[in-house]
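Colleague: Sequence lines, in order, name chains A and B.
Per the working numbering, the very first residue in the first sequence carries number 70; after that it's consecutive.
Per the working numbering, the very first residue in the second sequence carries number 1051; after that it's consecutive.
Keep in mind the hints are simulated off the structure, nothing from the lab.
Hints are supplied without guarantee of correctness; some may be wrong.
What the hints assert, rightly or not - Lysine-lysine pairs mimicking DSSO-like chemistry, simulated, CA-CA at most 27 Å apart:
hint, chain 1, residue 1, chain 2, residue 2
1, A, K143, B, K1282
2, A, K335, B, K1282
3, A, K153, A, K268
4, B, K1281, A, K335
5, B, K1282, A, K268
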Amino acid sequence: MAIKMKTAILAATATVVAAISGIAYAAGGGGTGDYKMVHKHWHFNGAFGTYDKAAAQRGYQVYREVCSSCHQLKHLSFRHLGDKGAPFYNEKYPNPNDNPLVKNFAADWTIEDIDGDTGDVIERTAVPADKFPPIYPNEAAARAGNGGGLPPDLSVIVAARNGGADYLYNLMLAYDTPKPDDVELTPGLYYNPVMDGHKISMAAPLSEGLVEYADGTEATVEQMAADVTEFLAWSADPKMEQRKSTGLMTMLYLLILAILLWFSYKRVWRNVEH
Amino acid sequence: MSGHPSTYEPKYAATKWLDHRLPIIRMGADFMTFPSPRNLNYWYTFGGILTLCLVSQIITGIILAMHYVPHVDLAFESVQRIRRDVPFGWLLQPMHAVGASMFFFAVYVHMFRGLYYGSYKAPREVLWIIGCLIYLVMMATGFLGYTLPWGQMSFWGATVITGFFGAVPVVGESLQQWLLGGYAVDNATLNRFFALHYLLPFVIAGLVGVHVWALHHVGQNNPIGITPKTKKDTLSFHPYYTVKDAFAVVVFLLIFAFFLFYQPDALGHADNYIEADALKTPPHIVPEWYFLPFYAILRAVPDKLAGILLMFGAIAVLFVLPWLDTSKVRSMRFRPVAKWFFWIFLFFCFILGWCGAETPDNIAIPFGTDAEGHARGLNFTWLSRIGTAYYFAYFLLILPILGLIEKPKDRPESITHAVLGDHSHGAVAAAE
């Protein structure tokens, strides 16, 4: 009787926990109208998952040629692109500031600076140590240029949305969903069932063949969406690979230590009834 | 200070000299030989685990404070900088954030263990009250710390919680402004929260010292709640419990490491990766998981002040628990009726946690649909009312009354009897 009751309570608790996680999951993936969320198997999923460097490199190209006209990466410096675990890491250049690819990417941007001799505001070419510059001079300008909407910073966007990478990927694909008749859109708003409230200020950012990939990959909307998501997933969690490999060694160490301590415990207590 | 005679003998001239002046080595030695009941199970390893959690939080926290910038314009960015550029910042920052969750997980196990085995009963009332104080300061520290990354949940959580104080009659508004250092959560708030978040862990450390002192004065409780009577009832803390605690600590660290390395964001909110914006309220403002049951109690009543009184009452009732439980029997093992009320209490704590995470008007338990096709059923407000009612009934009605009318089971004469059973001579297989 006693054990049965305890089991029942444990089972009930388990059900509650399962229900909570189920609800949390539904909140992340549900409420998308006619659009069916695609749950992609990302290269970085799982305990051993790493970033697909080729995809992330293409993703940077998509960011540079498409997204960066409105969205900043304010927590990133150019040098981060060449860090260990980053899309453009090259072991020949342990200091990413020396990485020629990173130098080229930086040189593609113009930075506002102060001339040290005259004190004048000047524009100069960026170097790897610079941060990604703001796209708009201020928030008001950003809103004015986007019909009142404020393009969010993308450096941690994958971590900042429920559903993470899947959310971002689906957001870019969901524009094709036909708008239900009962949804009213004011000018400057677009229908997107993945967005909270199903209305978004950003027009469909991707279209077939919008970029030309150097590696010959066909630039379909799905391909570009997946690539830029891979890049932004790295940007949100740049130390993931390092963390997972440290984690593996730590867990193995702790596991062996636990086994040794278990036997120590058994030995110390061998003659003690308790 | 502990009740057992000291067996420490200083061997060298220097240690003899020191022993006459400050017997600190003696204190350490006596800690190691402290007689502990021989039947302590794994639920009793959480004291050691909690000490480790506190030390880990303080060390990671001090290093983070060297890199963190408590300013509304820079705080969010500085946390990102820690995670991206500070050496090992990618490890230390999540270790501190996940560590807070692990700390609360361990403290809840420790507290429920105390509830189940009656560790608050005489002569351990003061020990228990100091523990409740530690928990209270932990809650304050956890809340203050969650504000520091200056994400959306940080900001709006701080706004909601400090808003409670505005509901205090007469002085509420001034009190709230005094706490915030202004009319709203802003830079002054962030600065004082940072200062206090750095201070309180050391208050906790001091309280832990007193907690351990009280523990060594009255001795540990144990799963059968019978006070050790003879030397046979106890074992030296070292090596018996050092090795058992060490094993438990490492198993705990495995769980910690799993979250830290593979699910660092699972216990947090995505919204906290969005920088605080005073003009944009997130759709759901939810506290960290370890506050959810209290959040549910707060929202269970429509009146703000009543909600706050209930929430603080839910913690205050723990302080007087030693005098509410009228039963002389400590361990629930020998309380056949109270035991089930305890498990139901635990169940309702989970239910309250669930309610705290959900929107109050949503349906928790559906009973089908009404004429217009809308789902009908018990919503979360009512479910949290049921949970709140049981929470208080457990302490204010069930434990006081049950202690008077319940017939406890026969208890063994001593720990040794309980361990060895009837045949106290032969070898009995070591039972966990």
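Colleague: Going back to the hint list, which numbers does this structure go against?
Modeller: Going through the list in order, the structure violates hints 1, 3 and 5 and respects the others.
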